[in-house]
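Position chain B against the provided structure of chain A, taking the given hints into account.
Spelled out from the first residue to the last, the chains are:
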Amino acid sequence: MQCQDIANKVTQCIIFCKLKNQPYTRILELNLTNKLIKIWPKLLKYARSLTGKEHSAEDLVMEVITKILESTERIAPDTNLEAYAIRAIRNTFFNEVKRQQKTTSEVNDDGISIYDETPDENSGKFTESGDLNKILMNLGTKCKEILVLFGIGNSYKEIADVLDLKTGTVMSRMARCRDSLSDQWEVS
Amino acid sequence: MADSIVDDGILVAYVDNQLDTEQRELVEKALQENENLRLKLNRFIVSGTLLRDKLDVSQDVTPDHISHRIRMIDRRIKNNQKRPSLESEEYAPFSSIFFRPHSLMKKRSAFNKAPELTNDQSLKNEEIPIRPTDSKPQLNSFFSAILNRFNTNNLMKFGGTFASGVFCAVFLFDSSPMAPLAKEVATVSISEYQLRGSDTSNVKLKQPTVVQNNKEIPNFGEIVENESFSIIWVSPLDGDFAIFEINGDSRKLLFSGKALAGTFIDLPMLVFSDQSELKLEIEVVNNETVVTQKMKLKVLAAQDKKQL
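One line per chain: the protein sequences are A and B, in this order.
11 is the number of the first residue of the first sequence in the working numbering; add one for each residue after it.
-13 is the number of the first residue of the second sequence in the working numbering; add one for each residue after it.
FYI, nobody ran anything at the bench for these hints, they're computed from the structure.
Accuracy of the hints is not assured; some may be wrong.
Partial selection, computed: residues in chain B whose CB lies under 8 angstroms from chain A [claimed, not checked]:
| hint | residue |
| --- | --- |
| 1 | 4 |
| 2 | 32 |
| 3 | 36 |
| 4 | 37 |
| 5 | 46 |
| 6 | 51 |
| 7 | 53 |
| 8 | 58 |
| 9 | 63 |
| 10 | 266 |
Label-pair restraints from in silico Cβ distances [stated by the list, open to error]:
| hint | chain 1 | residue 1 | chain 2 | residue 2 | range |
| --- | --- | --- | --- | --- | --- |
| 11 | B | 14 | A | 176 | 32 to 42 angstroms |
| 12 | A | 177 | B | 46 | 42 to 52 angstroms |
| 13 | B | 7 | A | 163 | 20 to 30 angstroms |
| 14 | A | 163 | B | 224 | 28 to 38 angstroms |
| 15 | B | 63 | A | 194 | 35 to 45 angstroms |
| 16 | A | 89 | B | 272 | 20 to 30 angstroms |
| 17 | B | 22 | A | 84 | 41 to 51 angstroms |
| 18 | A | 113 | B | 202 | 47 to 57 angstroms |
As the structure is a prediction and not an experimental result, all values here were calculated from the model.
Glycine included, C-beta positions come from ideal geometry on N, C-alpha and C.
This is chain A alone, in the form it adopts within the complex (with noise of 0.2 angstroms):
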């Protein structure tokens, strides 16, 4: 079968489940559920980076994946999976720390939320950069969030679509972040 044979079975499906009136996006449902495992890890050191706990992070994450695995209708065919679930986690946390703000005085006033000030430091692969963690945890959220988003493999591009940024402010406030690491590391 040829490219464009391809091409043109693909817009079969899409109108069949036009005229089903099933959203077409169900193709790719099973590429979706892969996609999500597969992007799991860095999804998952994100919402440490967040949490600054093991089990809140996947409890967190796995928030996240039903979620967009309940929706599936609104996500497009191309939008990029992965920085549309790290928009989500970001939203999801916030809008809890934002809720605990309400009920509890225990968050502080940057807005980091009670998990920053107890790092689970005994828990899984969180120990295995137990340094670089101490030091990320130190320099507040924006550059926590940031400089974990870099770590983990994103261009600054994709970091400004994740955070609402233009990417001029993405990379000045990195070489911030990135100044203050290198002097906390230094320290360390």
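Okay, now just chain B, sitting in the frame of chain A:
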């Protein structure tokens, strides 16, 4: 000059390979001239390597129990979505039968007992039994007994059962007497569709479509000759289907096979040449109904396509 343009942001982007060629050249020029920039560059290189080494996930694999959990979540969600609620359209025809609103039952109870009752009970529907035995006129005959027993509800039930019994009985003995009659009874023509048969009310038609070069081409559209295309068609019936090419009065069979209602029929790719127009006829037949769907397409020569 150049180092005044190269700030820390651009320098760190240079280290992380996020700049285009032009910007890179500018930074490299500035680095040659400025010692301070080179020191900063080294710091950024060290911190970048540190981050990538410590946070690298390229070798990480999702644990099996997590993969399993994600698949289970996916399966659960799909199962929940497949099961329609009682209010959904899928159950609509049944809900009208089995889930009659309470208010309707009250009205029906009032209707059943209505004119004969003159006491206060007739004004209080909630307290009245649905089928009060003393509400019918007392006739001392065989027919009065039958009338008492056969109220509107019962008549409908017995009538339905009797009719379905007769219908099945005809087919048990011989299906042929009904078949020709059935095809003559209803002949419906909706634009390019033709429906014939006794039960055409449940036939849900979808317009067949042609796909060529990744484009959806509707009926009366244009296709290009010598380029492969396929027909997308959802069968409205369970039965045998056949796709014909119409050429004047003759029909040439292209494909045939079995079709299931509501399912997508995957047809092979086609290529046409040396003709200005393509007429297709899709026919599905079962014991009761014949559905014919027609398509007409203009065939463009490859040169015409280039001109367009």
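Results of checking the hints against the structure:
no., hint, verdict
1, 4, "holds (5 angstroms)"
2, 32, "holds (6 angstroms)"
3, 36, "holds (7 angstroms)"
4, 37, "holds (4 angstroms)"
5, 46, "holds (4 angstroms)"
6, 51, "violated (11 angstroms)"
7, 53, "holds (5 angstroms)"
8, 58, "violated (10 angstroms)"
9, 63, "holds (5 angstroms)"
10, 266, "violated (16 angstroms)"
11, 14(B) with 176(A): 32 to 42 angstroms, "violated (25 angstroms)"
12, 177(A) with 46(B): 42 to 52 angstroms, "violated (27 angstroms)"
13, 7(B) with 163(A): 20 to 30 angstroms, "holds (23 angstroms)"
14, 163(A) with 224(B): 28 to 38 angstroms, "violated (52 angstroms)"
15, 63(B) with 194(A): 35 to 45 angstroms, "holds (44 angstroms)"
16, 89(A) with 272(B): 20 to 30 angstroms, "violated (42 angstroms)"
17, 22(B) with 84(A): 41 to 51 angstroms, "holds (49 angstroms)"
18, 113(A) with 202(B): 47 to 57 angstroms, "holds (52 angstroms)"
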